[in-house]
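Letter by letter, the chains look like this.
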Amino acid sequence: MINWFKYSSPKMFYPLAGKLIPWFAAAAAILAIIGMYVGFFMAPTDAQQGEGYRIIFLHVPVSWMSMFIYLVMAFWAAVGLAFNNRLAAMMASALAPTGAMFTFLSLWTGALWGKPMWGTWWVWDARLTSELILLFLYIGFMALQSAVDEPRRADKAGAVLALVGVVNIPIIYFSVQWWNTLHQGASVSLTQAPSMAMIMLVGMLLMALASWMYTVAIALMRVRCIILEREQHAGWLDELKEVKQ
Amino acid sequence: MNWSSSAEFFAMGGYGQYVWGSFGVAIVVLCAEWLLLRQRRLAALSQVKRQSILREEESR
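Listed in order, the protein sequences are those of chains A and B.
Position 168 (the first sequence) corresponds to 168 in my numbering; numbering is contiguous.
Position 52 (the second sequence) corresponds to 52 in my numbering; numbering is contiguous.
Since the hints were derived computationally from the structure, they do not count as laboratory data.
Accuracy of the hints is not assured; some may be wrong.
[Stated by the list, open to error] 16 angstroms max Cα-Cα, derived EDC-like pairs, lysine to aspartate or glutamate:
(1) K11(A) x E229(A)
(2) K11(A) x D238(A)
(3) K11(A) x E239(A)
(4) K244(A) x E57(B)
(5) K11(A) x E242(A)
(6) K49(B) x D238(A)
(7) K49(B) x E231(A)
(8) K11(A) x E150(A)
(9) K49(B) x E150(A)
(10) K49(B) x D149(A)
(11) K19(A) x E242(A)
(12) K244(A) x E56(B)
(13) K49(B) x E239(A)
[Stated by the list, open to error] Restraint-style ranges between C-beta atoms, simulated for each label pair:
(14) G16(B) x L182(A): 17 to 25 angstroms
(15) G14(B) x L20(A): 39 to 47 angstroms
(16) G14(B) x A186(A): 50 to 58 angstroms
(17) A111(A) x R50(B): 38 to 46 angstroms
(18) W3(B) x S9(A): 33 to 41 angstroms
(19) G140(A) x R50(B): 31 to 39 angstroms
(20) F10(B) x K241(A): 40 to 48 angstroms
(21) G140(A) x F9(B): 35 to 43 angstroms
Here a beta-carbon is modelled for each residue, glycine too, at the ideal position from N, C-alpha and C.
My request is simple: use the sequences and hints to build the entire structure.
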């Protein structure tokens, strides 16, 4: 049995994260290549949207990630707040920029998909507006943290904002059911059979898995940076081989 | 196979600018994030090294 609590300190986690990063990065690259191959070469042309629908292989995975990363970020923020754990708070900070990036990509690919299919880049409907608010929540979280000088207080302030913002996630997710919108309903849901061809679904899921692996790799890279920045006065860093050389 | 030529592939049935605009920007943004993080790591490491040297001198 591995003692997981051992890894809840930055000192123990730093080398573990370093070992894990290459594996997640390689998995992300391989899954993305297979996913794009399926998306561009195996999935057939869509009957209604022609080749333009292929944006789905990017748009849906990045949109899922934008919401999922927020939930994970809020989870670590809550753990950091409840158990006064530094590493959990660092993990929340490490996820925010990547979440913001996926949210931007969701809006960007959505605009490029909306223009040819709906005739407009943007509408102020519930789905698009709540996704934009998600971007502002990520940016607000980062801005608030960088505005507070003392790291532990910055963690606490950020955690409260992250937790309050969680209310936005179900609003995004259910917005297409609750309000009238140009945006189509969910392509995949937990309760119904997917409303798309199997091969398209496979391509989308591969891209979603690639995004997961990418997120883990990049968040571990960032949390290692945060550890180095915040713990620069700690003696244990002297033993690292990247510091010794 | 969906495409009979590479020109057809890049045209994406007339949706080329939208499809490649999506995938292109995504690749650029992902690479930028990775490069920025590498820079951040190098900056953090040089700071840690400086502190490490200070600690060593103090203990002597």
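> Checked against the structure, which of the hints given earlier come out wrong?
Replying inline: 8, 9, 10, 16, 18
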